[in-house]
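Chemist: Read off the chains here:
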Amino acid sequence: EAGVTQFPSHSVIEKGQTVTLRCDPISGHDNLYWYRRVMGKEIKFLLHFVKESKQDESGMPNNRFLAERTGGTYSTLKVQPAELEDSGVYFCASSQTPGQANYGYTFGSGTRLTVV
Amino acid sequence: GENVEQHPSTLSVQEGDSAVIKCTYSDSASNYFPWYKQELGKGPQLIIDIRSNVGEKKDQRIAVTLNKTAKHFSLHITETQPEDSAVYFCAASKGGSYIPTFGRGTSLIVHP
Numbered sequence: 001e002a003g004v005t006q007f008p009s010h011s012v013i014e015k016g017q018t019v020t021l022r023c024d025p026i027s028g029h030d031n032l033y034w035y036r037r038v039m040g041k042e043i044k045f046l047l048h049f050v051k052e053s054k055q056d057e058s059g060m061p062n063n064r065f066l067a068e069r070t071g072g073t074y075s076t077l078k079v080q081p082a083e084l085e086d087s088g089v090y091f092c093a094s095s096q097t098p099g100q101a102n103y104g105y106t107f108g109s110g111t112r113l114t115v116v
Numbered sequence: 001g002e003n004v005e006q007h008p009s010t011l012s013v014q015e016g017d018s019a020v021i022k023c024t025y026s027d028s029a030s031n032y033f034p035w036y037k038q039e040l041g042k043g044p045q046l047i048i049d050i051r052s053n054v055g056e057k058k059d060q061r062i063a064v065t066l067n068k069t070a071k072h073f074s075l076h077i078t079e080t081q082p083e084d085s086a087v088y089f090c091a092a093s094k095g096g097s098y099i100p101t102f103g104r105g106t107s108l109i110v111h112p
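Sequence lines, in order, name chains A and B. If you count the first sequence from 1, position 114 lands on 114 in this note's numbering, and the numbers rise without skipping. If you count the second sequence from 1, position 53 lands on 53 in this note's numbering, and the numbers rise without skipping.
Just so you know, these hints were derived from the structure itself, not from any lab. Misleading hints may appear alongside valid ones.
Below are the PhoX-like pairs computed for lysine-lysine, each with C-alpha atoms no more than 25 Å apart in a straight line [to be verified]:
{"hint": "1", "chain 1": "A", "residue 1": "Lys51", "chain 2": "B", "residue 2": "Lys71"}
{"hint": "2", "chain 1": "B", "residue 1": "Lys94", "chain 2": "A", "residue 2": "Lys51"}
{"hint": "3", "chain 1": "B", "residue 1": "Lys22", "chain 2": "A", "residue 2": "Lys44"}
{"hint": "4", "chain 1": "A", "residue 1": "Lys15", "chain 2": "B", "residue 2": "Lys71"}
{"hint": "5", "chain 1": "A", "residue 1": "Lys51", "chain 2": "B", "residue 2": "Lys22"}
{"hint": "6", "chain 1": "B", "residue 1": "Lys71", "chain 2": "A", "residue 2": "Lys54"}
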């Protein structure tokens, strides 16, 4: 079984530019989550998709962040325009059924975003 | 909302020693406590978890303890090996579809 795939693995962009991160969940996993870790801090929840619908987007920092999951398969997270404080590692995770939080997620390797 | 504190932020041990990472949580309704290990270049991976109806759980060299009264839970690694070097995250959730809250992580370094 292929794991959760994220790309790019690294991205360095200038302040004000746009970046799009992509996540391919494990096939058949309806639940997809985006998280972010700023260096030295906790892994912080951004949002949760169930299939193509946003179940919970309470962690999205502001309207410069836009997440989509068209067709309920892969997801993209766009940051436009990027600011310095957006730097960090963005993780995607997927799970099979609602309530899978009880059993842990499968995380991707993350995208390290550096805004200069 | 839930707040999870994790200590220490860095832990350096000699191979063969034991390592202990401690977490506290604030929401007494939390009942599920997973631990994740993140190796360099990889995403966090679930290594062990505990539910609030038990006080301790073991899996080979790792164990987790939970004190519900004090709202503390800890990860214990015995006979550490260099491959145990990684960042470890604790988390707490109310189970079900509730989103877990993570700690800040502990960077464990095991010196050969």
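Chemist: Any hints from earlier that this structure breaks? Give me their numbers in increasing order, please.
Modeler: 1, 4, 5 and 6
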